[in-house]
Amino acid sequence: NAGVTQTPKFQVLKTGQSMTLQCAQDMNHNSMYWYRQDPGMGLRLIYYSASEGTTDKGEVPNGYNVSRLNKREFSLRLESAAPSQTSVYFCASSEGTGLSFAFFGQGTRLTVV
Amino acid sequence: DQQVKQNSPSLSVQEGRISILNCDYTNSMFDYFLWYKKYPAEGPTFLISISSIKDKNEDGRFTVFLNKSAKHLSLHIVPSQPGDSAVYFCAASDPYAGNMLTFGGGTRLMVKP
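First to last, the protein sequences are chains A and B. Residue numbers 1 to 113, in this note's numbering, belong to the letters of the first sequence in order. Residue numbers 1001 to 1113, in this note's numbering, belong to the letters of the second sequence in order.
Check each hint, because a few of them may be wrong.
Simulated DEER-style distance windows between Cβ atoms [stated by the list, open to error]:
hint	chain 1	residue 1	chain 2	residue 2	range
1	B	I1053	A	V113	48 to 54 Å
2	A	N65	B	G1098	16 to 22 Å
3	B	I1053	A	T5	42 to 48 Å
4	B	M1029	A	N70	31 to 37 Å
5	B	G1016	A	G3	41 to 47 Å
6	B	N1057	A	M19	37 to 43 Å
None of these hints come from the bench; they were simulated from the model. None of the values given here were measured: they were computed from a predicted structure. We put the CB at the ideal spot given by N, CA and C, even for glycine.
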């Protein structure tokens, strides 16, 4: 059972570089999310997609873009990476938009130098 | 300003004793609360939840208590086991914000043998 799969697991970027974090789920979930985790800050929502074809901003969307490619895949793009985007990024999916619990991927540790 | 707060960054408990993790919230619109457990280098996994219409929910060694008037919830683990050592996040869902989850900063629990 793969659940939620994120790639890559680790990445180092130089300031100004761009990259896309990939996420795929095999549970036929409608909703998908991108969070970032920073020490003492918990998990903060970057963007979410309540269903295929829709995306909405979360708490900290600046500097990011997302694409809900199909029901399975939800990607997160950093167009011009900044050191403030050094973080651990988690993708998650759920059947609904909150009342059902979410399944998380293993995370991507991103360092921007 | 954080709407969900876990004021204890860490907690150390002896094996076999009770672990009590606390969480406070400020948004009275939250109607569903969840606890997630996170091991190093893994994504968070769902542990237990409670609806705002209840004041207690129990699942094996884990019990969550909700005090709506105090805007406070707690997770009790009895008896604590070394395998419970992890970071615990509480989260709350706001139905007026698309049921998005807001997470606390986490509490690192260490259960000593």
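(message) Taking the earlier hints as the rules, which of them does this structure contradict?
(response) 3, 5
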